[in-house]
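In order, the protein sequences belong to chains A and B. The numbering used here puts the first residue of the first sequence at -7, with every later residue one more than the last. The numbering used here puts the first residue of the second sequence at 14, with every later residue one more than the last.
Source of the hints: derived by calculation from the structure; they are not laboratory data. Hints may contain errors.
In silico lysine to any residue, SDA-like type, Cα no more than 20 Å apart, as pairs [what the hints assert, rightly or not]:
hint, chain 1, residue 1, chain 2, residue 2
1, A, Lys14, B, Ala75
2, A, Lys14, B, Gly64
3, A, Lys14, B, Leu85
4, A, Lys14, B, Ala60
5, A, Lys14, B, Val88
Restraint-style ranges between C-beta atoms, simulated for each label pair [as the list claims (entries may be wrong)]:
hint, chain 1, residue 1, chain 2, residue 2, range
6, A, Thr105, B, Ser34, 24 to 30 Å
7, A, Arg57, B, Ala91, 26 to 32 Å
8, B, Ala54, A, Gly54, 40 to 46 Å
9, B, Gly42, A, Arg141, 39 to 45 Å
10, A, Gly54, B, Ser34, 23 to 29 Å
On a predicted model such as this, the values are computed, not experimentally measured, just so you know. Just so you know, even glycine gets a beta-carbon here, dropped at the ideal spot from N, CA and C.
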Amino acid sequence: MSRAAESAGAAESARARAEVLKLARLLQREPASLSYLERLGLDDLRALRLRVTETLFDAQSGSLRGLAGVSRLVPVGLGAAIGQSVFGPLLSAQITTQLDPERAVEMAARLPTAFLADVAIEIDPRRAAAVIARIPAPRVAEVTAELVRRGEHVTMGRYVAYLSDDAIAAALAAMDPSSTLEVAFVLEEPERLPTVMRLLPLRRWDGLVAAAIERGLWVQALWLAGALRQRERAALIAAIERSGPAGLRSLAAAVAAHDLGDEAALLAAGSPAVRAALRR
Amino acid sequence: MNDDARTHRHDGRSHRHDGRSRLRAELGGDLPAGVAELRDAELSDLAHAIGEARARQGEALARAGDRALDRLPRVLRAVVRRTAR
Chain A
-7 MSRAAESAGA AESARARAEV LKLARLLQRE PASLSYLERL GLDDLRALRL
43 RVTETLFDAQ SGSLRGLAGV SRLVPVGLGA AIGQSVFGPL LSAQITTQLD
93 PERAVEMAAR LPTAFLADVA IEIDPRRAAA VIARIPAPRV AEVTAELVRR
143 GEHVTMGRYV AYLSDDAIAA ALAAMDPSST LEVAFVLEEP ERLPTVMRLL
193 PLRRWDGLVA AAIERGLWVQ ALWLAGALRQ RERAALIAAI ERSGPAGLRS
243 LAAAVAAHDL GDEAALLAAG SPAVRAALRR
Chain B
14 MNDDARTHRH DGRSHRHDGR SRLRAELGGD LPAGVAELRD AELSDLAHAI
64 GEARARQGEA LARAGDRALD RLPRVLRAVV RRTAR
């Protein structure tokens, strides 16, 4: 295998495991029972997951419309109560896609944060995009904080790209640095990554680098570096330089251990200190 | 020999071990290119998991519908039944 291919492998394998985890949740299987899927490429895995999502939804769409009809006929408060006590998180997530977005948001406002976090784990963000985009930023921050507490990086990665800019900023504010790196790494729509990371205040890049050093998240940090625009990449480079000799040694060790030379080259091109650390 | 063409003798009869066809049937069309290259037993397992998930969700929806009706005022139930039909 070429050095470039191996370099791509470390990040790709981790992202493939995240995709398998998403599919396992959808099928209510233990991720380990689907580990054979990790042999697939990311594009195939994602295509498979989206097809399974469509299949399961289409099979129940008539019943879901019926249950959404029930929710429409009752006051918002009763609809929310039925959602929590009768439908549960999975069905509520599916019924949400059949509701008028404004009504769905009103119902969400009356539900406990923990239940909304349960729904967020089950929801198909593409179908619920109009609802997700309308959830007020403070509510998004509360749900995100709950998901951070549960270590639900994959869930956050699925919906963050569908939030309004205000809500993305609120979600980022609710994430600790290592969660931010993990969520960025598994973001459902990676092409949205530059927009998402633009909303991270520049002062927080030091925390991301500290998390990469202390939590061994350089694979995630360097993958992120490749997706950033110039301003944010410069912020990451500056934070790495500020981490001092210990930070630079940690970076160099991770680059050697995971064969991340190609990703690190982007940083080295913008920093003599990084270049020097990688040459040692 | 590809998986579609593979046959095995079992209980005195010939059975196709056709995970690919089962998965195509579950997903309603062609498989993503890489997925079609999985082993037949893996494709079968995937098809089985999707079928189980669909059945489980269908049962959960039916139960939820009945329980939701129980929560409604009696006068609304007939209206809801008509709407949900």
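(request) Hints the structure violates: just list their numbers, smallest first. (result) 1, 3, 5, 6, 7 and 8
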